[in-house]
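Could you put the whole structure together from the sequences, leaning on the hints where they help?
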Amino acid sequence: MVVISIVSLINFNYTGSDRFIVSIDRHDQSCSSINSEIESDINKKYEFFKKGDIDIIKLEKYLKDEYPAIENVSVYRKVKDDVYIDIKNATPTMRVFERDSSYYVDKSGKKMSLYSNCVKAVPVIFGSVNKSNIDEVNKLIAVIKNDSVLKYYINSIRINEKGVFTLYPCVGKYVIRLGHLNDLDEKFFKLNTLYRYLLKDLEENKYISIDLRFDHQVVCTKRI
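For any residue, its number in my numbering is found by taking its place in the sequence shown, counting from 1, and adding 1364.
These are computed hints drawn from the structure, not numbers from a lab.
What you were told as hints is all true, and nothing was included just to trick you.
If you anchor each label on the Cβ, the simulated ranges turn out as follows:
1. 1575 <-> 1448: 54 to 60 Å
2. 1425 <-> 1567: 47 to 53 Å
3. 1587 <-> 1400: 46 to 52 Å
We treat Cβ as the ideally placed atom computed from N, Cα and C, and that holds for glycine.
In structure tokens, the structure reads:
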């Protein structure tokens, strides 16, 4: 994999020769505005500093603490006291809605702040995602993403406090009761088979639920 970084020069008002040299991994162009926000923030914070007076350890800690969207940052000096900042943005794998809050989560379970100028096309999760269930949530997302049919039909997932999953389709007003993630291959095989025969009826809202929790059968509840 080849990663192309764009180097941006941030000039300071204190003297025209003082500057940061910022290298940001921009392989994900959908959030380039976040990168601009980081650059602008650094520029304002150190507007009246000479480059030799900048504490690079404190600057690195500031960036790590202030921007959860950063996966890795390294601040260092080369010749002439120029300050170099290498930034790699984290990649969210889901967006979580929990009570009155909403945030992105990366594959490790780390929360990432939302940015009004950056929207990621990732699965939506309703409920709490934490260290105890992140592996299960990642597993479910991966299975859906790798399924040639289901990835086009399922875009939202709910998980309750008991670890029970419910799926929501992109089209149609019905729910898919998945239960726990045991026998996941069998459950999705049944769902794929059902879609072959009932997809039109489901999209026309003739059913209110599909229950995959029972062995060797699917229980569908019709809308009255």
